[in-house]
Structure formats: C-alpha cells, structure tokens
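The chain contents come next:
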Amino acid sequence: MTLRMQEISRLDRVIHEPARLAIMLILGGVGEADFLYLQREGGFTQGNLSGHLAKLEEAGYVEIEKKFKGKVPLTVCSLTGKGKFAFTDYSNRMLGLLQSSGSSGASRPSTAATEPQPR
Amino acid sequence: MPVASLGRRAAAYWFVDGLPDIVLGMTLLLFSALGLWWCLQMRRPARRTQIDFLFIVAGVLFFYWKGRQAVDFLKSRLTYLRTGYVQPPEDVWASASSAGLISLSLRPGPPPDENVTQFNKRTVYVLQTWCFLFLGQYPWRHWYALLAMPVLAAVLYALNRKSEHPYRWWSTLILALSGPTLVWLGVAPILQPLLMPLLAAVWLIVQGACTLAGYLRANPYPRAPEGVRA
Numbered sequence: 149m150t151l152r153m154q155e156i157s158r159l160d161r162v163i164h165e166p167a168r169l170a171i172m173l174i175l176g177g178v179g180e181a182d183f184l185y186l187q188r189e190g191g192f193t194q195g196n197l198s199g200h201l202a203k204l205e206e207a208g209y210v211e212i213e214k215k216f217k218g219k220v221p222l223t224v225c226s227l228t229g230k231g232k233f234a235f236t237d238y239s240n241r242m243l244g245l246l247q248s249s250g251s252s253g254a255s256r257p258s259t260a261a262t263e264p265q266p267r
Numbered sequence: 312m313p314v315a316s317l318g319r320r321a322a323a324y325w326f327v328d329g330l331p332d333i334v335l336g337m338t339l340l341l342f343s344a345l346g347l348w349w350c351l352q353m354r355r356p357a358r359r360t361q362i363d364f365l366f367i368v369a370g371v372l373f374f375y376w377k378g379r380q381a382v383d384f385l386k387s388r389l390t391y392l393r394t395g396y397v398q399p400p401e402d403v404w405a406s407a408s409s410a411g412l413i414s415l416s417l418r419p420g421p422p423p424d425e426n427v428t429q430f431n432k433r434t435v436y437v438l439q440t441w442c443f444l445f446l447g448q449y450p451w452r453h454w455y456a457l458l459a460m461p462v463l464a465a466v467l468y469a470l471n472r473k474s475e476h477p478y479r480w481w482s483t484l485i486l487a488l489s490g491p492t493l494v495w496l497g498v499a500p501i502l503q504p505l506l507m508p509l510l511a512a513v514w515l516i517v518q519g520a521c522t523l524a525g526y527l528r529a530n531p532y533p534r535a536p537e538g539v540r541a
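Residue numbers (the numbering used here), protein chains in the order written: chain C, 149 to 267; chain R, 312 to 541.
Okay, chain C solo, but in the shape it has when bound (with noise of 0.2 Å):
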C-alpha cells in the first residue's frame, strides 16, 4: 500500500459519508441548529437524517438535546469537542490529499462531494 493510499485509509469513515459530512459541515459553520434546520438545509428525510445523527451522537461527534425557545421545544444538535477535532483532521486530511494529487482542481475541494445523496 503507498502512502498516498495509507492516507486515504486514514480518513475518518463516519465523517467521510457525503450525507454526514453535509451535516458536519451545516453545524460547523452554524454552531447548533435544530433537527427541521438540518431537514431542510440538507433535504434530507425524517428517517434518513435522524439515522445520521444517530451514528454521529453514538461516534461523539455530534450533541443532540431538547431545548426551548420561548414555549417551543427543539430538537438542538450541535458539534461536540470531539467532533470539532475530528471534523478539522478529517478536513485536514483531505485538503493535504488533494493538494497532493497536483490536479488542477485540488486547491479548491469540490462543492458537489458535499450533495447529499438522496435515500
């Protein structure tokens, strides 16, 4: 195995699914949003996202709680310590991966391998 390949290996699998990724993505530049947020941001399902979630919270990178605003309550999820350090390797990784393959679209990650795909 080279060491290109080694590296690769090496990505974080929880992190790396596109569907997850989005939602790494949505509450790293967001802080905390609430479940029908995520929903709808990422156009994921009921099952689908709560399915995702469930991994993240079960891997310790994601912080699910029932919070109120006002009177209403929400389902707030939000990157823990954990996530965030996994969430910059994983981004580090994959940066220092593409900026190796000297391609000419390596300087700047692909917004499409973020879409999520639909279930």
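Please keep in mind that the hints were generated in silico from the structure rather than gathered at the bench.
Glycine residues also receive a C-beta, built at the ideal position from the N, C-alpha and C atoms.
Do not take every clue at face value.
[To be verified] Here are the simulated DSSO-like pairs of lysine-lysine, each with C-alpha atoms no more than 30 Å apart in a straight line:
#, chain 1, residue 1, chain 2, residue 2
1, C, 232, C, 214
2, R, 377, C, 215
3, C, 230, C, 215
4, R, 377, C, 217
5, C, 217, R, 432
6, C, 203, C, 214
7, R, 377, C, 219
8, R, 377, C, 214
9, R, 432, R, 377
[Said to hold, decoys possible] Distance ranges between label pairs, derived from CB positions:
#, chain 1, residue 1, chain 2, residue 2, range
10, C, 202, R, 529, 49 to 57 Å
11, R, 481, C, 208, 48 to 56 Å
12, R, 529, C, 164, 30 to 38 Å
13, C, 164, R, 344, 40 to 48 Å
14, R, 368, C, 203, 49 to 57 Å
15, C, 203, R, 529, 31 to 39 Å
16, C, 247, R, 376, 43 to 51 Å
17, R, 533, C, 203, 22 to 30 Å
18, C, 153, R, 521, 42 to 50 Å
19, C, 237, R, 369, 33 to 41 Å
20, R, 533, C, 208, 25 to 33 Å
21, R, 477, C, 229, 45 to 53 Å
Since the structure of chain C is already known, use the hints to place chain R on it.
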C-alpha cells in the same frame, strides 16, 4: 448545497422572516412618536429637533438592549416551528474562533463581515448617524428634507447591497422620495425633521411586513413541528 454558502445561508436565515426590520421599525416608531409628541409640547422650537434626536438615540439604545430578545421571542413563535432554528452566526464566529476552527480548510462559517451583527452596523448605526447629521440641525432649511431621505436610502441600499440582508432598489427609492414628498405636500419646516424618523420607521415596518407575509405564505404552519428521531 455549496459549501461556501452554508454560513451565508445561516446569516441570511436570520432575516428570512423580516422580523429584525419590524422590531427595529416598531422601536423607532415608538420612540420617534414619543419624541414628536414631546416636541410639540415644547415652547422653544430651537430645541425641538435636538430633543427628538435624543428620543431616537434612546430608541436605538433600547433596540441594542432588548431588540435581540424581542426578535428571538417572535421567531420562537413564528419561524422556528415553520423552518427550524439555527444559532445566529455572530455568536458562532466568536466561539468557533476560540475553538481553533480557524485552521479548517473546509470551514463553512460565515466570513466576519457576513454575520448578523452587521445588521446593527449597516442599518441601525446608519439610521442613528443619519439622525445625528440631519435632524440635529437648527435652523432647519427646506433643502435638508430634499437631501436627507435620499441620502439615507442611498446609504442603506449601498451598504446592504451585497450583504445577507439587501434592500430592494424600488423599496429604497420609495424611502428616498418620501422626503421630497413632505416638501411637496407643504408640511411645515418645523415638522419635517420630526416626521422623517417616523417615515423611516414606517418604511422599515412595511419592508419587514412584506417579507414576513411572503415567508408565512411560503411556509404554512406545520402539523408536525418536530422531527421524529428513529
């Protein structure tokens, strides 16, 4: 879902329902109406515009103090149930920076000049400065009315044009024309500076109300507001 737009979309989401405009407009309307009433009771016209200006400053300070809470309160009843809740990006920027996320190459957070705080700078602060520059003038000259509203409209339009909260050109044109309209209607010069903040406040409220109406029409009240976790 372009990566670069995630933070911008979250910033824009704060304005999607027009509530910040409505709350700012209501605050200005209340305080400038109080100022107008107070000034009309005064016997010394020389001090009227200055007193009115002080009322508006009080209104702006009140908005800085309680406006955010008022917007949040209204959003919790109108917005979060319909399209979800997201933490406004301004808070995130500070926390994300301290968490060391600056080095993130894929960092989707909003750039520092594209967060909610900019609403205060690009709209609230502009209104306050405009009041200071124009309304504090004595004696009032008739051409101030011709100049003041177009200047306010142009500055608001230009500063917000590329932000998450742009004002439509025809809307700012209406604001710009409201000043000359006062002159054309023959409103007494002593009343012109007192009515202008009211006009700006009404413009903000109408602007926000139109946005809110469009938002409510596009997002009817959901039957199941909460997502169900598997």
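Practice item. Please flag the earlier hints that this structure goes against, numbers listed from lowest up. Key: Those not satisfied are hints 10, 13, 18, 19, 21.
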